[in-house]
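Could you build all of it, start to finish, from the sequences and the hints given here?
Per numbering that gives the first Met the number 0, the sequence shown starts with residue 0, numbered consecutively.
Just to be clear, a hint being listed does not mean it is correct.
Stated by the list, open to error - Calculated lysine-lysine pairs in the DSSO-like style (CA-CA distance at most 27 Å, straight line):
#1 K268 with K217
#2 K183 with K116
#3 K217 with K278
#4 K94 with K116
#5 K54 with K94
#6 K14 with K48
#7 K116 with K54
As the list claims (entries may be wrong) - The following label-pair restraints were derived from C-beta to C-beta distances:
#8 S204 with Q135: 45 to 51 Å
#9 L103 with N154: 29 to 35 Å
#10 N236 with N309: 32 to 38 Å
#11 D138 with E69: 20 to 26 Å
#12 K217 with G28: 40 to 46 Å
Just so you know, these hints were derived from the structure itself, not from any lab. We treat Cβ as the ideally placed atom computed from N, Cα and C, and that holds for glycine.
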Amino acid sequence: MSILVIAEHDNSELKPATLNTVTAAAALGDVHILVAGANCAAPADEAAKVEGVSKVLKADADLYANGLAENLAALIVSLASGYSHVLAPATTSGKNVMPRVAALLDVMQVSEIIEVKSEDTFVRPIYAGNALATVQSGDSVKIITVRTTGFDAANGEGGSASVEDISAADDAGLSTFVGAELTKSERPELTSAGIVISGGRGMQSGENFSMLEEIADKLGAAVGASRAAVDAGFVPNDYQVGQTGKVVAPDLYVAVGISGAIQHLAGMKDSKVIVAINKDEDAPIFQVADYGLVADLFDALPSLSSELDN
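What follows is the structure in C-alpha cells.
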C-alpha cells in the first residue's frame, strides 16, 4: 500500500511540516512524496534524503511555480488512483489544496489528524480541541491533512529515494498569480520555533509589540499574537496563533496580555511549558499555564528584558 505525501516547499527547500507529515504517512505504508513546483530540483533532492521515503515524484513546470491550489489539485487527482492515502500538512497551503482534491474525487476529507489508529481510522480534535473524535473512512482513496504538532518530524537524512520526473497536468485556467506581500524576519518560523512569545489585546497597540520583539530576539524566539490583536490591526495575519490561525507546540510558549479564549488555546495548548503574564488573575489562560505572573505587562516585560541582559 503506497501513501502519497504532498510536499510543502518554496522551490528551494522543504518546509519542516513535510517531515511531520511523512511520520504520519509512515504509519500507513510505503511513502512517496510529490514535489510540484518550478525549478524545484533542490527540494526534490532534499525529499529523497528523508528517512522512510521510497520515491519522490517531481513535477517541474511553470504552472506550479506559486502553488496555485487549482492547478496543484488537478495534478494530485491525476495521481490519486495509484495511492490508498494522500496526506498533506494542515497548513494554509494544505487547507487550500486538499478540500479541492477531496471534492474532485467525491470523497470525504479527514482533517487535522493527530493519531493514526489503523489504515482507515484516525483521531482528530473537534470543538476547538476540547474533544477528540475517532473517524473511520471507507473511501477507496483517503484524503487527509495532518496536524503537524501531533507527530514528530521524520529524520531529514539517511534516506536514498529515487527521484522520478512526472508530467504536469493541464492548467486548470481558474486562477492566476498576481503577487505576494511577504513578511521578512530573521526570527524562526512561527510553526517550527522552539520558543514563541505572543501578545494579545492587552498590548494595546502595534507599537508595543516591539517589547515582545526585543525579548524574542534575545531568546531566539518567534513572535505570535491572538486573533484579538490581529483583528485590532496590531500585527499581520501571519502572526495569529489559534483555531483560525497557526497551531504551535514549542518547548516554551509565553502568552502576554492574552485572556485565553478557547479559540487561542486550541492553537497552543500542546506547548511543553506555558507561561502567562496577565494583570487579570481570573483570566482563563492561567488554567492551562504552567507558570503564571499576575502583573501589568508594561512593568513585567521591561523587567524580563533587563534580566535577559544579565
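How the hints compare with the structure:
The hinted pair formed by K268 and K217 meets the criterion: a straight-line CA distance of about 24 Å does not exceed 27 Å. At roughly 39 Å between alpha-carbon atoms, K183 and K116 are farther apart than 27 Å, so this suggested pair is violated. For a cut-off of 27 Å, the pair hint linking K217 to K278 stands: about 24 Å separates their Cα positions. Taking the CA atoms of K94 and K116, the gap is near 22 Å; set against the 27 Å cutoff, the hint holds.
With a CA separation close to 24 Å, the supplied pair K54 and K94 stays within the 27 Å bound. For the suggested pair K14 and K48, the alpha carbons sit about 14 Å apart, so the restraint of at most 27 Å is met. A threshold of 27 Å between alpha carbons decides the hint, and for K116 with K54 the separation of about 24 Å falls inside it, so the pair holds. Judged by the Cβ atoms, the range 45 to 51 Å given for S204 and Q135 holds: they are separated by roughly 49 Å.
Restraint check, L103 to N154: a C-beta distance of roughly 33 Å satisfies the suggested window 29 to 35 Å. The hinted range of 32 to 38 Å is satisfied by N236 and N309, whose Cβ atoms lie roughly 36 Å apart. Against the hinted window of 20 to 26 Å, the Cβ-Cβ separation of D138 and E69 comes to about 22 Å, which satisfies the hint. Between K217 and G28 the C-beta distance comes to about 45 Å, which sits within the given range of 40 to 46 Å.
In summary, the one numbered hint that this structure violates is 2.
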